[in-house]
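**Student:** Okay, here's what each chain looks like letter by letter:
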Amino acid sequence: MAKKKFVVGCFDDEAVLFPAVKKVRSAGYKIHDVYTPFAVHGLDHAMGLRETSLHTAGFIYGITGTSTALGCISWILAKDWPLNFGGKPHFALPAWIPITFELTVLFAAVGMVLTFCYLCQIAPFVKKHHFHARATDDLFVMVIECTEKTNVDDLKSFLSNNGAIETDVQIAEAGWWLGRYDQDELPFENKQTVAA
Amino acid sequence: MASIREQFEIPGKMKTWSLALIGVGLVALVIGLVTKGFSTDEHEQAHFWGTLMYNTIFWTLVCNASMFFICVTTLAMGGWQQSFRRIPEAISTMVPIFGSITFVVLIYIVVSDKHFIYHWLDTEAVAKDPILLGKSGFLNPKFFIIWTTLAIGLWSILGWRMRQISREADEAPMDNESGAKFILRNTVRAAFFTVWFALTVGSTIPWLWMMSIDAHWYSTMYSWYTFASSFVSGMSLIALWVIYMKNKGYLELTTQDHLHDIGKFMFAFSIFWTYLWFSQYMLIWYANIPEETVYFKHRVQGPYKGIFFLNLIINFICPLLILMKRSAKRNYTLVTFMAVLILFGHWLDFYQMVMGSLSKETVTLGWLDFGILSLFVGLMILFVGRSLASKPLIVKYHPFLKESIIHQV
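Just so you know, the protein sequences line up as chains A and B, in that order.
Each number in the working numbering comes from the position in the first sequence (counting from 1) with 48 added on.
Each number in the working numbering comes from the position in the second sequence (counting from 1) with 37 added on.
Extracted from the complex, chain B is given alone in its bound form:
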């Protein structure tokens, strides 16, 4: 493996670009904070905090999806991902960073009693409301804070433990016995993460963070829908980083065949997302009960109509038709294009999920959204780049590495 470049050096351009994006984002953040965040008008406040909220939740979940990807492939005894596994690992180092931003934003919203965002914070209204009273065991500040802390904390810790054990494969070759032990320990740690992931992202966290904005409304599909959204964006993000590193001449062992499999994930989970989108929509449309249709009313027939259906076109029709062909999933340019499109599409999906409930009358999409987005993209590029540079790019002595090298689709 003499010709393999193990160490990533951050190109100057990447640093400049990420800092520029962060700069733009910070300017937008400060202007937004001054003009909207601390404004006395509740609509302006909801606009600012909602925008910050969906961006930070989106990026936390997307980066967390990387660790989920590693854990499920580990549990499935997958070998093909080993040649590029340091990429999702590096992306998952963003979980503590974005997680703490999410934590600060959400806790601030709850502690400062912003009941125009979370209606269930309004104790007087809850006392008179039998539906909210029934939900108050789940929707109350104490539970919210504890569960949010636990969720973000354990994602970070369990993910960190997964990354730690991956570092052991850099040190020395393993024989059969120590290799088997290593895989078993990997499996156990991955199982812990996956179970916690199922209890949070797979069920409670999207209900708590996003669905509870519409405090009366509920959908049991909601968490799976959010999970599908974040996982398909997570795979797109991995694809983007893999292609970037390939372009820079790293990841010699990762080939079109690996890209093909990442492309399959992007394709398959776009369909899965649509399946959940449709299941949620169709049942509510069919039953046509006002308590349930209230969520879709202003999205399907109101000002969010355009975004709502654009969302479906970007996240379903485009991946379905463009990524279907084998040659498309093996084409670096096309996968890059689709990955950016899917990331944008699901960001827009998160936008309408949160802002569609906070600002029912007008669509707020504007400079603030893109400004905050650029802050998060900048942070992501900066820290993922650093994290990539801090470790060897190849898990040299992983028992399954050979499986990845000879991977062929």
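Chain A with its partners taken away, still in its complex shape:
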């Protein structure tokens, strides 16, 4: 995990945010993320995010569930310990379908929830830097990652000109780390998050 320098621009209107996102992208800046109080339709498209692969993962988990169920039941009931249930054949496929279905759903659901948490970097006892507290309330917060070449002042005024009501520069941890929100500690010595 590395600390990076970010320029943060806050917008109070979706209609302003969209053209700003497009302009920032076409100006060549790299958008780290946009934090919004609610899901904004079409923002992923405007930001140029690729389609999520969560559903492919879900399919793989589902297939795993199907084969686990069928493999287990058929081995147990047809090979290892065959029992006679009401004169049905040992390999009684129709009777296994409900369990197979349930296990498929269980694997897919649990697997996708965990994958989703991993992709979004959310988990219990894990902390992530908040660029602006009002992103959870009423502000759309666009975070732009800086490189050595980025002129911070230019970028700030660029954001302001495109409708940002508030801009600042932060040096922050980009990923997630073990920590708790109710205890104000950071994994690094430097507690200063707001730089000039």
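These are calculated hints, taken from the structure and not from any lab test.
Don't take each hint at face value.
[As the list claims (entries may be wrong)] Here's a subset of chain A near chain B, in silico, CB distances under 10 Å, partners left out:
1) 89
2) 93
3) 99
4) 103
5) 134
6) 136
7) 138
8) 142
9) 143
10) 145
11) 146
Treat the numbers as computed from the prediction; the structure is a model and nothing was measured.
Ideal Cβ positions, reconstructed from N, Cα and C, are used throughout, including at glycine.
Using the hints, position chain B against chain A.
**Tutor:** Leaving out everything else, chain B in the frame of chain A:
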């Protein structure tokens, strides 16, 4: 909306093709009628009338599913379907036409006392049979005729009322108040249709028309199964027409996003159909009671084995694996292929539901089935095309139209 082509003109090719299909169908119908329909052999008669019966019931229910689609989306306050709602509306104009064919065929079968099709028509056998005697309040010619007339009549009338109110949105822009009133009236009319639909397609009609061929056997799943079959085929038919119109350069406001949602319906209701297929099959397989397994005996272990499981592959495995991906539901070619496959699969399903009971020893699938099928497909293309051409293709002033234009999945 200057660039929108509102008026559909029937291409000459479509007319030629539909008339050719009808011609082929009529030839098959006449040959079938002469050689089988009026034959003295009961098997031949059952073959002909059964084939006609499942085709006409299938197409009536499939076209009626279009109106059901409009009504449920209206009740759910859906907006996304407005940009192409004239397509399902046009398809639903087939209900009176196919409905009257169904009516004639069924009433003829009942009135001419064809007890080799409906065993419960045989009054002497019923009098000696405690099971059929117990069902005779439901399975008797009088009730059959009244309920069939009511069902087809009310589908047609309530559907016509839905289409009439849709025409009002062509005339003039609506303000908030008149728009809200318009939506409320839409909702009320859709509710009437949906309730009647539930009482007929959702319960009694498949029991009466198709399940009563096996007069002793019953399954409470049967109607839902038939409904799922006809609804998923109905969505496929809508998809086909939408894609056809897009190819011809109409429906500018309908995009991949709308196709994606139609594809979702096709995918989801294929799964729903399988759920009912399995629920019906598994319970009977598990209990293994002769009174119940009699329906599946010749289908699972007899001559219909191939069709029975092919049915499951076409209607479950294919949609499940092929339509699962997002990109597949947004691909015009793939959706066209799947829609044709699903329509064929459910037509085959109706085939085995009816003919599997009428001709237990031999599979009759042959020239007659495809001939009659081509008659119905031809009629469908001809009349849906005409109906599309008779109205503007876009509900210009519908309050929810904008919702449909900006629809994004």
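**Student:** Determine for every hint whether it applies to the structure shown.
**Tutor:** Structure-based check of each hint:
Interface restraint check for residue 89 of chain A: the shortest CB-CB distance to chain B comes to about 7 Å, inside 10 Å, so the restraint holds. Look at residue 93 of chain A: its Cβ gets to within about 8 Å of chain B, closer than 10 Å, so that hint holds up. Because the beta carbon of residue 99 of chain A sits about 7 Å from the nearest beta carbon in chain B, less than 10 Å, this interface hint is met. The interface hint given for residue 103 of chain A holds, since its Cβ lies 7 Å from the closest Cβ of chain B, which is under the 10 Å cut-off.
For residue 134 of chain A, the interface hint holds, the least distance from its beta-carbon to any beta-carbon of chain B being 7 Å, beneath 10 Å. Restraint check, residue 136 of chain A versus chain B: the minimum CB separation of about 8 Å is within 10 Å; hint holds. Given hint, residue 138 of chain A at the interface with chain B, is violated; its Cβ is 15 Å from that chain's nearest Cβ, farther than 10 Å. Below 10 Å, beta-carbon pairs count as interface contacts, and residue 142 of chain A has one with chain B at about 5 Å; its hint therefore holds.
Hint status for residue 143 of chain A: holds, given a least beta-carbon distance of 7 Å to chain B, under 10 Å. Given the 10 Å rule on beta carbons, the hint for residue 145 of chain A holds: about 6 Å separates it from the nearest Cβ of chain B. Checking residue 146 of chain A against chain B: minimum C-beta separation of about 8 Å stays under 10 Å; hint holds.
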